[in-house]
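Turn these sequences into a full structure, and let the hints guide you.
If you read the protein sequences in the order shown, they are chains R and B.
When we follow my numbering, the leftmost residue of the first sequence carries the number 598, and every step to the right adds one.
When we follow my numbering, the leftmost residue of the second sequence carries the number 7, and every step to the right adds one.
It is worth saying that the hints were derived from the structure and are not from the lab.
Take these hints with a grain of salt, some might be off.
[To be verified] What follows is a list of derived Cβ distance ranges for each label pair: (1) Thr125/B / Pro712/R: 49 to 59 Å; (2) Pro788/R / Ile151/B: 53 to 63 Å; (3) Pro712/R / Lys23/B: 50 to 60 Å.
[Unchecked claim] If you only want the chain B side, here are some residues facing chain R, beta carbon under 7 Å, derived: (4) Phe54; (5) Pro172; (6) Ala175; (7) Thr179; (8) Leu355; (9) Val360; (10) Leu361.
[To be verified] Some chain R residues close to chain B (C-beta under 10 Å, calculated; not the full set): (11) Ile612; (12) Phe755; (13) Gly756; (14) Leu817; (15) Phe948; (16) Leu949.
Glycine is no exception: its CB is placed at the ideal position from the N, C-alpha and C atoms.
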Amino acid sequence: MNELRAQLQEWRVAIERRLPPWWPRALAVLLIAFGLVLPQLFSPTNNFINTEILALTYVMFALGLNIVVGFAGLLDLGYVAFFALGSYAFGWLGSGWFYKAHVHVLVHGPTGTLPGIHLNFLLILICAGLFTAFAGAIIGVPTLRLRGDYIAIVTLAFGEIIRVFALQGPALKIFGMPLTGGELGISGTDPPYLPGVGMFSQLNIRPWYYTIFVLVLITLFVNVRVRDSRLGRAWIALREDEVAAVSMGIPLVRTKLLAYALGAAFGGIAGAFLGAYTTLIDAGEFQFGFSIFVLAMVILGGLGSIWGVVVGALLLANINYYLIPDVFNSLPGDLGLNFNLTDLQVSIFGFLLVIVMVLRPQGLIPERRRKLELTEGIGESELEEPGTSWAGVEPGEVVQ
Amino acid sequence: MEARSLASSTAPSVGRKVLFEIRRAAGKWGLVALLLAFPVYFAAHDLFIGYGGFANGHATRVHDLTYLGTNIVQGISNGAIWALIAIGYTLVYGIIELINFAHGDVFMIGSFTGVSIWTGIGLGLATSTLGLVVGLPLALLVCMIVCGALNVLIERVGYRPLRGAPRLAPLITAVGFSFILQNVGLLWRGGSTVGVSDLVRENKTVVQISGVVIHRADVLSVAVTIPLVILLGWFVSRTRQGRAMRATAQDPEAARLMGINVDWTISLTFMIGGALAGAAGLVYALYETTIWYLQGFEAGLIAFTAAVMGGIGNLRGAVLGGLIIGCIQQTIDARVGPQWTPFFVFGLLIVVLVLRPQGLLGEETREAG
Numbered sequence: 598m599n600e601l602r603a604q605l606q607e608w609r610v611a612i613e614r615r616l617p618p619w620w621p622r623a624l625a626v627l628l629i630a631f632g633l634v635l636p637q638l639f640s641p642t643n644n645f646i647n648t649e650i651l652a653l654t655y656v657m658f659a660l661g662l663n664i665v666v667g668f669a670g671l672l673d674l675g676y677v678a679f680f681a682l683g684s685y686a687f688g689w690l691g692s693g694w695f696y697k698a699h700v701h702v703l704v705h706g707p708t709g710t711l712p713g714i715h716l717n718f719l720l721i722l723i724c725a726g727l728f729t730a731f732a733g734a735i736i737g738v739p740t741l742r743l744r745g746d747y748i749a750i751v752t753l754a755f756g757e758i759i760r761v762f763a764l765q766g767p768a769l770k771i772f773g774m775p776l777t778g779g780e781l782g783i784s785g786t787d788p789p790y791l792p793g794v795g796m797f798s799q800l801n802i803r804p805w806y807y808t809i810f811v812l813v814l815i816t817l818f819v820n821v822r823v824r825d826s827r828l829g830r831a832w833i834a835l836r837e838d839e840v841a842a843v844s845m846g847i848p849l850v851r852t853k854l855l856a857y858a859l860g861a862a863f864g865g866i867a868g869a870f871l872g873a874y875t876t877l878i879d880a881g882e883f884q885f886g887f888s889i890f891v892l893a894m895v896i897l898g899g900l901g902s903i904w905g906v907v908v909g910a911l912l913l914a915n916i917n918y919y920l921i922p923d924v925f926n927s928l929p930g931d932l933g934l935n936f937n938l939t940d941l942q943v944s945i946f947g948f949l950l951v952i953v954m955v956l957r958p959q960g961l962i963p964e965r966r967r968k969l970e971l972t973e974g975i976g977e978s979e980l981e982e983p984g985t986s987w988a989g990v991e992p993g994e995v996v997q
Numbered sequence: 007m008e009a010r011s012l013a014s015s016t017a018p019s020v021g022r023k024v025l026f027e028i029r030r031a032a033g034k035w036g037l038v039a040l041l042l043a044f045p046v047y048f049a050a051h052d053l054f055i056g057y058g059g060f061a062n063g064h065a066t067r068v069h070d071l072t073y074l075g076t077n078i079v080q081g082i083s084n085g086a087i088w089a090l091i092a093i094g095y096t097l098v099y100g101i102i103e104l105i106n107f108a109h110g111d112v113f114m115i116g117s118f119t120g121v122s123i124w125t126g127i128g129l130g131l132a133t134s135t136l137g138l139v140v141g142l143p144l145a146l147l148v149c150m151i152v153c154g155a156l157n158v159l160i161e162r163v164g165y166r167p168l169r170g171a172p173r174l175a176p177l178i179t180a181v182g183f184s185f186i187l188q189n190v191g192l193l194w195r196g197g198s199t200v201g202v203s204d205l206v207r208e209n210k211t212v213v214q215i216s217g218v219v220i221h222r223a224d225v226l227s228v229a230v231t232i233p234l235v236i237l238l239g240w241f242v243s244r245t246r247q248g249r250a251m252r253a254t255a256q257d258p259e260a261a262r263l264m265g266i267n268v269d270w271t272i273s274l275t276f277m278i279g280g281a282l283a284g285a286a287g288l289v290y291a292l293y294e295t296t297i298w299y300l301q302g303f304e305a306g307l308i309a310f311t312a313a314v315m316g317g318i319g320n321l322r323g324a325v326l327g328g329l330i331i332g333c334i335q336q337t338i339d340a341r342v343g344p345q346w347t348p349f350f351v352f353g354l355l356i357v358v359l360v361l362r363p364q365g366l367l368g369e370e371t372r373e374a375g
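Written out as structure tokens, the structure reads:
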């Protein structure tokens, strides 16, 4: 096993040496081009493209969570809260839900005369981002004094509280109108309209695909720029050693809250997009399992590693929404067994998590900076030791 | 944290001093005051405003504490079950600092196993008291062994290879095992709640103390929990293995140097935690008379809240936290509506962590500092 690993490592280094220095950029351009061409290869309502839209939304969720968990080292188990709030922001601002109001901003076609609040799709995305950023900062406040697993518990509790409000929304009235649709959901949301594209519909899902594709590219750009900025370095410093970072003059409150806010904003925008795409904002979706699903993407990909997180999210979303239910579902039947693979979906997923974590605890594509930190001054043989520290824990401390 | 308190002490001002004092007092007494506020408010409400009840055969408003007493009795018996599960969380967290997400599902497997065993050995509604007295402890024992073994297996496969890995890695394997167990439960008994035969006639009155009815279920859960907790307390504080557990929890490296078999000790901890979850599972099945495959998730969150509230890593804290959460849960269930219970339980959890991160009985830890 170790010999095999060493061999692989050798090969990787050899390959990396032979490639020209601009290969990552070339690869990125190639991947973007591939992403742009992909929907054209399938019919406009193809199920695979539908899955990819979901997968890209999850990439956005995972990148948002990566800011909080990966960069700043604040374990957030209540990320579903921002999915919920983003979705509701869309439901409130882009449907006839608040039927007593008559607000129309830059909307097109018949939506312009309907009762309710109707904002332009892009405006809603921005509002959802701002709203969830604010909520993220508020949720962050009680965790400021805490570290490590305690942060996880507080965020988990917030996630569950928001779910209770989402479920009990019909009983809560604002100006005599129910707050949420509960388990029936908010339906009849406005189809987004973009100039030059027209009205989005379920008959042609390509515009949806391109919208989320562009959103993901923006998210990636922001992530890379923020990671390499002063703020990103402050997050990493806080992650590695809070006391040292604070005594070096890093403003603790602002830096942490900004991590929560930015991570939440991306979650909120992705949530608003998902709400628009599914046209139903249903409280039953906002479960703890979602937070875990996104966290699994981040950890599987490699904490703090932007490209790792993208790979992890695409992989898990495709396994969960495409490979298991659509591609391999009839496999046991073909082998003469009388069950479907979807019966085992949850345990296959769980099993994958266990296997991958046991074999590769640092994630598929670990962050380079962490790898460097770990291997600095240690012999080559230590390179493959899975010893990355997780923030909130003193470096060098290990789970025993 | 140290840096901030240092900064505040080098630049003293009256306002800051007052703020600091208020914060210290809030940290010390705020939580206790908050917890006392619940019963005091409801007692005052019942006494002065009254609640709807029956007297002499017609509906009327009653002004006494019977309702609150019923809430508390049911809360204690329900809380006893949460306490058993919370001990599992607190033991595991105390020794390897891992939130064992699979624990709630081990409890669920305990319920399922318990029901299968008692139907397997032929216990049913027609069984005599003697049959139950012999059969149920047997089922309890098997449940505890099965769940203990399951928990040890999970530790062996999922957590032991990850000692020394990033801290989040075992958390994810724990989630993975939680999913696997849920799927097992789903395939075992289907996706909806399953009614099980009410062996002990849980609603039968045992005794009535000034209007507060104590049912058989209440007696059962407390009667199972108390001996187990006492036994565990004795084990941890008095025996050689218990001392090894405490030593490992304090400093695994030093414990290893002192000749303690750390791996074995951790396995033992998981076995005890699993066994208690198994016992809780069987009691839960008798107590609620319904089981379903997601019961472990909810119970896990509640029990975990209990463990944190009591002070994670502290056995007595876990029991106290379980009882308190049970009381709050039953009171809110009865008075506000069960759909709002998670809001109160988790809201309280946040308040606990803000006011007193180390929990009611816990000591200051590095993490909560």
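What hint numbers does the structure not satisfy?
Violated hints: 4, 10, 11, 14; rest satisfied.
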